[in-house]
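Enquirer: One-letter residues, chain by chain:
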Amino acid sequence: MNALAERFAPRDVGSYFVYTHEAHPGENYPHHTSWEQKLRHARDLRDKLGVSRTILVDSLDGACHRAYGSMPNMSWIFNRRGVPVYKSDWTDAASLENALLYFLDVLARRRAGERLAPFRVQRLDYRNHDRDAFYRGLERAGRKAVEEFKTAGL
Amino acid sequence: MSDQDLLRAYNYASFTRENVLPWLNFTAAPPLGETAPDFPLWRLDGTPTCLKSVWSRHAYTIIEFGSVT
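Those sequence lines, one after another, are chains A and B.
For the first sequence, position 107 (counting from the first letter as 1) is numbered 107 according to the working numbering, and the numbering increases by one without interruption.
For the second sequence, position 22 (counting from the first letter as 1) is numbered 22 according to the working numbering, and the numbering increases by one without interruption.
Calculated from the structure, these hints are not laboratory results.
Here the structure is a predicted model, which is why all the values come from computation and not from measurement.
Every residue, glycine too, gets a C-beta built ideally from N, C-alpha and C.
Do not rely on the hints blindly, as some may be mistaken.
[As the list claims (entries may be wrong)] Label-pair distances were calculated between CB atoms; the ranges are:
no.: 1; chain 1: A; residue 1: 107; chain 2: B; residue 2: 8; range: 21 to 27 Å
no.: 2; chain 1: A; residue 1: 50; chain 2: B; residue 2: 9; range: 30 to 36 Å
no.: 3; chain 1: B; residue 1: 28; chain 2: A; residue 2: 152; range: 39 to 45 Å
no.: 4; chain 1: B; residue 1: 28; chain 2: A; residue 2: 94; range: 45 to 51 Å
no.: 5; chain 1: B; residue 1: 48; chain 2: A; residue 2: 130; range: 34 to 40 Å
no.: 6; chain 1: A; residue 1: 119; chain 2: B; residue 2: 8; range: 26 to 32 Å
no.: 7; chain 1: B; residue 1: 28; chain 2: A; residue 2: 133; range: 36 to 42 Å
[To be verified] Listed next, the stretches of chain A that the computed footprint assigns to chain B, with coverage defined by at least 3 CB atoms under 8 Å from CB atoms of chain B:
no.: 8; segment: 27-35
no.: 9; segment: 105-114
no.: 10; segment: 123-137
no.: 11; segment: 141-153
[Unchecked claim] Partial pick of chain B residues on the chain A-facing surface, computed with a CB cut under 7 Å:
no.: 12; residue: 15
no.: 13; residue: 41
no.: 14; residue: 59
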């Protein structure tokens, strides 16, 4: 996602990360009980996990996250007027890139004089399902996160 | 739900079906094509900003939601 952000920044595409709750709380990253703790975890995302995009932190009660559906790793694309043009219940760089190329082309077509009207489309995209990488992420949170995920069966 | 109950429920201590599933509500999220709701957000130094000030800076803006875990 960092690479995607860097690639599209020159084309006036901003890329931000909104820090939510801990989806899989564990010994190393327990559930949030204070604002300072949430800020500390969010800084770790930058300092330890290398997220280079601007990280913004949601309120402790997750007002923004909840209003947008509370999915643990969703992504949205907004236009300059705050209208969402893409929403995905999971984050996938290839899916986002595909969408961005389309929407940037829309701007180019409008600049060229085409009259375009929006319509809604639903589509099923596909992502790599890397189970090992997922479990490595859980282990980062702690053994508790791994065991709880196995038990929950989700 | 009281504010304290909301804080505890949203920041659940354990990943269980009962704790997680009630929050997953993507179908009720803001629709495409209509102005989305604005919310306050904070930078890592604790200074305030908001969604609107973010999306208004660019032709398009990607917002990824998530956490370390």
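Enquirer: Taking the hints in turn, state whether each one holds.
Expert: Evaluated hints:
Between residue 107(A) and residue 8(B), the C-beta spacing of about 45 Å breaks the proposed range 21 to 27 Å. Between residue 50(A) and residue 9(B) the beta carbon distance is about 31 Å. The supplied range of 30 to 36 Å therefore holds. Remark: the range hint 39 to 45 Å for residue 28(B) to residue 152(A) is contradicted by a beta-carbon distance near 22 Å. Judged by the Cβ atoms, the range 45 to 51 Å given for residue 28(B) and residue 94(A) is violated: they are separated by roughly 27 Å.
Checked against the hint of 34 to 40 Å, the C-beta distance between residue 48(B) and residue 130(A) comes to roughly 36 Å, which is consistent with it. For residue 119(A) and residue 8(B), the hinted distance range of 26 to 32 Å is not satisfied, since their beta carbons lie about 42 Å from each other. Between residue 28(B) and residue 133(A) the C-beta distance comes to about 30 Å, which lies outside the given range of 36 to 42 Å. Against chain B, the segment 27-35 of chain A contributes 5 residues with a C-beta closer than 8 Å to a partner C-beta. That satisfies the three-residue criterion, and the hint holds.
Coverage of the segment 105-114 of chain A by chain B is violated. Counting CB-CB distances below 8 Å, 1 residues qualify, and the rule asks for three or more. With 1 residues having a Cβ less than 8 Å from any Cβ of chain B, the segment 123-137 of chain A misses the three-residue criterion, and the hint is violated. Only residues whose C-beta sits within less than 8 Å of a C-beta in chain B count toward coverage, and the segment 141-153 of chain A has 8 of them, enough to reach three; the restraint holds. The criterion of a C-beta within 7 Å of any C-beta in chain A is met by residue 15(B), whose closest approach is roughly 4 Å, and the hint holds.
Here the hint on residue 41(B) is kept, as its CB sits about 4 Å from the closest CB of chain A, short of 7 Å. Because the beta carbon of residue 59(B) sits about 4 Å from the nearest beta carbon in chain A, less than 7 Å, this interface hint is met.
Violated hints, listed in ascending order, are 1, 3, 4, 6, 7, 9 and 10; each of the other numbered hints is respected by the structure.
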